[in-house]
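S.K.: In the order they appear, the protein sequences are chains E and R. The opening residue of the first sequence carries number 37 in our numbering; numbering runs sequentially from there. The opening residue of the second sequence carries number 167 in our numbering; numbering runs sequentially from there.
Heads up, a few of these hints could be off.
[Said to hold, decoys possible] Example chain E residues on the side facing chain R (calculated, C-beta under 8 angstroms, incomplete): (1) L115; (2) L145; (3) C186; (4) L187; (5) K316; (6) S317.
[What the hints assert, rightly or not] A few chain R residues that don't get close to chain E, going by computed Cβ distances all over 10 angstroms: (7) V194; (8) T202; (9) D205; (10) P328; (11) T330; (12) T354.
[Stated by the list, open to error] When the alpha-carbon atoms are kept at most 16 angstroms apart in a straight line, the in silico EDC-like pairs for lysine to aspartate or glutamate are as follows: (13) E:K190 - E:E98; (14) R:K219 - R:D313; (15) E:K42 - R:D313; (16) R:K209 - R:D276; (17) R:K315 - R:D215; (18) E:K190 - R:D371.
Calculated from the structure, these hints are not laboratory results. Note that the structure is a prediction, hence the values are computed from the model and not measured. Every residue gets a Cβ at the ideal spot worked out from N, C-alpha and C, and that includes glycine.
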Amino acid sequence: MGRRMKRVRLWTGPTVAILALATGAGRADAQPSGGRHVRASLVAEADSVEAGRPLIVGFRLEMEPGWHTYWRNPGDSGLPTRVAWELPDGFSAGELQWPRPIRFLTGPLVSYGYEHEVLHPVEISVPASIGASEVRLAARLSWLECREACLPGKADLALTLPVRARAGSGPAAPLFAEARRRMPRVDPEWTLSATAREGVVDLVVLPPRGTRLSEAYFYPIPRRVVDYSRAQTLAAEEQGYRIALARDPNGVAAVERLLGVLVARTGAGEKAVEVDVPVKSKTSARAAGDPTEGTEEGKP
Amino acid sequence: MNARVSFVVGVVAAVAVAPALVSARAVVGQPAPPFTLADTHGKSHRLADFAGKRVVLEWWNHECPFVNKHYGGGSMQKLQKEWTGKGVVWLTISSSAPGEQGHVDAARADALMKEKGAAPTAVLLDPDGTVGRAYGARTTPHMFVVDAKGTLVYAGGIDDKPSTDQADLATATNYVQAALEDLAVGRTVAVPTSEPYGCAVKYAD
């Protein structure tokens with residue numbers, strides 16, 4: 037099998053240290069389990085549950101080399117990881133959270149996901165009073181694991197934590213610190229806007245003064261907006277930068293908001309910024325033309 | 167010269183990723199891209215040969231769990247039988263490159279179709295991916311419907327339940343069924359596009 041899957045990160049900075057530690061606080065009712073090439077576990081940031089205080093848990097996926105799982109928008113192919121919870125009365129779970137992804141290229145196709153290891157945090161709402169001495173959180177996690185081939189993965193996971201007046205940090209806390217470091221953030225110092233022209237949406241990025249971008253990639257959250265297989269071009273403007281995003285020709289007719297994650301390489305390292313901006317029509321756009329025209333502004 | 171202009175950052179690398187799928191893409195509402203491909207009996211088929219008929223194109227990889235959801239559950243075969251029985255041309259296409267998952271020679275393709283009780287009009291072999299790229303076929307399955315005038319009227323997923331779970335077939339809305347029903351009574355296809363889901367088509371690099 038000659039497939040060469042290429043993985044594209046913006047930069048291959050220091051490899052993230054895989055944190056070797058015990059499964060976490062509390063008791064994992066089931067051993068880590070999952071598909072054939074990905075191991076799943078449920079861990080908590082704290083060592084116990086405190087009434088009335090949100091609890092942060094996370095799904096940890098550890099992948100064999102060459103295997104990957106998918107981001108919330110998987111791109112050209114694949115499926116996002118999903119969870120179905122079984123929680124005690126009074127508890128409720130927030131959405132899965134998604135650290136910034138990388139790209140996987142297979143032939144002309146581009147998909148978005150994770151390799152080696154990822155932690156998807158989830159915030160659990162905890163009732164103001166708990167009538168038990170321990171709490172059991174259970175969930176069925178399902179995902180698609182792919183290398184050249186894809187296999188569905190599934191795991192029934194559970195975590196039992198003691199109830200205490202004051203929760204402390206658990207042994208899995210460093211995993212959450214790492215996941216937080218990789219989580220895209222709203223950053224008011226980055227000014228973002230978007231304009232639409234024929235077949236293209238331009239994301240205009242004004243980073244903080246003095247910040248230069250050497251690479252950038254926009255990961256769209258909604259599907260059917262961007263044509264994943266078309267290259268994104270990053271052009272320096274008089275002020276800031278413009279990333280031309282080719283629209284999916286069979287996608288949604290109109291894009292009113294551009295929603296996604298901008299991952300940019302700056303002098304200070306890699307930056308992941310949440311993007312949620314209205315898309316202005318091309319009448320207010322500065323330029324029109326071929327999506328590749330932007331490279332004319334700065335000859336290599 | 168404006169000092170500000172000279173301040174413009176010289177170069178920013180274009181984030182070139184993959185060679186794009188061919189830009190002359192299959193776009194719903196426009197003529198379906200023409201093609202010529204050989205079937206598993208060596209017979210050559212041109213899309214133009216089917217002018218006046220409705221044509222379904224199904225991208226296929228027998229080793230893909232998404233494809234196997236639809237063949238294992240019998241829903242793909244049922245759809246093929248129902249609509250070829252009503253005069254629709256159903257072309258199952260393999261764009262898996264040699265050495266890649268799902269690559270089949272003619273005999274293997276026929277044997278697999280027989281084993282599954284499948285009933286396409288023909289299985290077309292596209293090992294260099296030319297037709298797959300022309301259509302922008304991303305996944306297996308990825309479905310396209312062409313009307314009798316040669317216009318592409320549907321491009322997207324087989325249904326609205328992106329999963330590998332056969333249990334989802336019972337509650338899924340099959341978009342190809344819906345498009346063909348619309349065409350059968352002369353209606354505009356109500357859902358002309360959707361998100362395709364499945365395994366990546368295993369193109370040659």
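S.K.: Are there hints from earlier that the structure breaks, and if so, what are their numbers?
M.R.: Hints 5, 6, 7, 10, 11, 15 and 18 contradicted; others consistent.
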